[in-house]
Amino acid sequence: MTDAIKSAFIIYGVATAIGLLVALLISGLFRFLRLFTKGNK
Amino acid sequence: MSLQKIFDIFQGITTLCDSFANNPAVAWTRIGLIFLGMLLVYLGKKGALEPLLMIPMGLAMCAVNAGVLFLDPTTAGLIVSGSAPLADPAAQEAAVAAARAGGMHGTLFMAPLVQEPSQLMGLMQIDFLQPIYNFAFSNNLIACLVFMGIGVLLDVGFVLARPFLSIVMALFCELGTIAVFPIAVAMGFTNGEAAAIALVGGADGPMVLFGALKMAPGLLVPITVIAYLYLGLVYGGYPYLIRLLIPARLRAIKMPPRPAVKITPAEKLAFAVVVCSVLCLLFPSAAPLFFSLFLGVAVREAGLKVFSSMIESIFLYGATMFLGVLLGIMCEASTILDPKVVLLLVLGILALLISGVGGVIGGYCAYFFSGRKINPVIGIAGVSCVPSTAKVAQKEVSKANPNSIVLPEALGANISGVITTAIITGIYVALFPAL
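If you're matching them up, the sequences are chains L and Y in order.
Per our numbering, the first sequence starts with residue 1, numbered consecutively.
Per our numbering, the second sequence starts with residue 1001, numbered consecutively.
Honestly, I wouldn't trust all of these hints.
What the hints assert, rightly or not - Here are the computed distance ranges between Cβ atoms for each label pair:
id	chain 1	residue 1	chain 2	residue 2	range
1	L	L35	Y	L1052	41 to 51 Å
2	Y	K1399	L	L24	45 to 55 Å
3	L	M1	Y	F1010	44 to 54 Å
4	L	K6	Y	D1338	56 to 66 Å
Unchecked claim - Partner residues aside, some chain Y positions facing chain L, computed with beta carbon under 10 Å:
id	residue
5	F1007
6	I1009
7	I1263
8	V1275
To be verified - Covered stretches of chain Y, going by a simulated chain L footprint (3 or more residues, C-beta under 8 Å):
id	stretch
9	1121-1135
10	1163-1173
11	1185-1195
Since the hints were made in silico from the structure, they are not lab data.
Bear in mind the structure is a predicted one, so any value in this text is a computation, not a measurement.
All residues carry an ideal CB built from backbone N, CA and C; glycine is no exception.
If we strip away everything but chain Y, and leave its shape as in the complex, we get (with noise of 0.2 Å):
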């Protein structure tokens, strides 16, 4: 058997040597994901990352940047002809004419950027997650399978509760969605791909994968892989920012006693069926998640416990487990490699930092307007990652002052910060559209 047969066989490292020959970069950013998948699946299991989005992800990761091989012509031709062009034309050259000899590199896992439906076909006979990936994550199926999840999850009645409170705090949270659509701008990104990756300041990941899809496509993955990354950080850098920005007495104050208001099913059922045919009306642009939502709440207030336990149980499961293997998937080193997503990094954290001031800013609003008798933590809870800020809150105020509980306030504008993500995605879709 002459050396080159063995190489053949492990494909893996020969195309790994190669890319060391041709190109270190692409060679080192591929041990340097299998490294961080490695590492989200140990974060994970640890439980300082989401375990059910990160062991998923981390493991795809380790597996797309392991398993690249030499594409055989036909399908490297197809991934070639179906992609977006490059934007150096030198390079998209280089990619037919490697195509073409059959050294191309990739993997037999998925062809993100394909769109072309003829291309399409012939791959989803050779790579294993395209079906799922075109049939599931690029028409944002998966987005509003888990939108549908979280809504059954949710209980509006916190926000029926003391809706004003709610809003206003979520609006401030708004901040950082707002405040970094001008400076992605100016840093050269266009108006959608801008939009897109401030949507991160929303802390939504369903939401910046719609918005991405609908605004950005091109770049989807690093948006919403980044997306999902900082995601962790609300639950693992929000507790910092709050002690920086709030004293401990101001943290510890107990609200007082509000009467118990008792909102029906009924009532939550109606709000859903009202505010929802109200979003549809008004953004139907991103209709899709808003009726996602808020089917979830309609199903969960209206006692239907066969499909409340089916989209819990079997839709957001289903879907959050192929959502982190996809993105995960999604994490080649090439695609990684774009310059931008340096930028997209820095613009990501500085969304969700800027949020996360705006929401203190709100809390102290709503301090100091109530009289100084309302926590300003509350104010953080707007961030829409649901329910993550609002329990940080409250681990934060109770740290201050075990007797002091402000969940039920919290989780009112945590769920109103996904209303309000919503709103601003519709805008921001209305606005931009990719196509």
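Isolated chain L (complex conformation) (with noise of 0.2 Å):
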């Protein structure tokens, strides 16, 4: 029981590290993205 909850404490960690990753991703590659379309103009 102890390990499990120790388990989905470590779980969720690594869940919203990733999730928070995606989200820094999505918003520095739109980032990107709009810089580049913008030097295209």
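Using the hints, put the two standalone chains together into the complex.
As structure tokens, then:
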């Protein structure tokens, strides 16, 4: 049980980190693409 | 003609009488499941539950529980020797003896637990749904086809417009997917089984199917059936949860208008390619799911109309129909009578409830951190039942204030919910593989 709770915390931590990474990636990618398209104009 | 011959004609009734004599629980469950199947068809027709899934599923439940016959010794033998051994050795021996004597009950639809290739080939000649089960269901093809269809229907522009808000809301909604795992372990389930039932909290049917197949093949049937039955609760139960936890004055909040950001299809396509590659790199075990979802998104955003109409109208609807049929067929009395099913029923509803509460907590966090500008109802839309929870959120907000529109933000959270549930499925599958 204690192990399972510990695992649950770790899994949630990893999922949160990956989720935020995806958000960061989306946000960064979006800005990069905007810069790129503006640069082309 | 002897009486026995007449009984041979009406084997459905004979096996029912036989069950009443030898195992009344099975007989009553068969009758109960026939009526439950009828109820599902009725609720599907009324629109209370998803008709695309519930009508084939309900009809299949009626058919499989009514059409029970005495299997011939060859078929029965194939099933017994090809099945996963029963937990109780005495029950296994009794099954073998009944199979040899030709007194074993079964149907000609399919045998979901048969795994041995040679025996499988024999059964494919006998059971009419066996090829669809083995070639499309038990290898997750159906889940992936449904996911492809979902991808074609998703407009990821809602996530791109507010990525952090959407993803954070979705992460709060994964609370049930995480919290139920240790509870299930404490109840005696293995790590894989606990993870598979916890995934019900993600409210995403194909994901539960994928997870159960990878981590708890022995409980695939009850977990998947429970997950799909409970998906209806998202539509029926979450409005009450919203009304209970969020007062009307907060539900009525009109969010300040944001400058419209035009997101081009090329940007959405780039998003699909980059995020798909990153997630497949991180979680190869869940790569089929990520690939299928983002393939649908890519096809839509690349403007491949021929492919998108094929995926949407043929793959998605074909897969949904057979998914419903197979889920119903798997609701046989003997499968449902597993004592673990009651625990799974409790854990499944608990997972969905905790996820909903987690969503509301997320909504409140967004409300406070935004200076009381964000409507907290959007939090619950992070539960990834696309697009039901987003629609539920907008419906509840509209009831409190017809001028408040939260659908774009709710859809962003909703689509992010699919991504976060897939991430958690990937982590679980990587940590607790069944094989």
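**Report entry** In rising order, the numbers of the hints this structure does not comply with
**Finding:** 2, 4, 5, 6, 9
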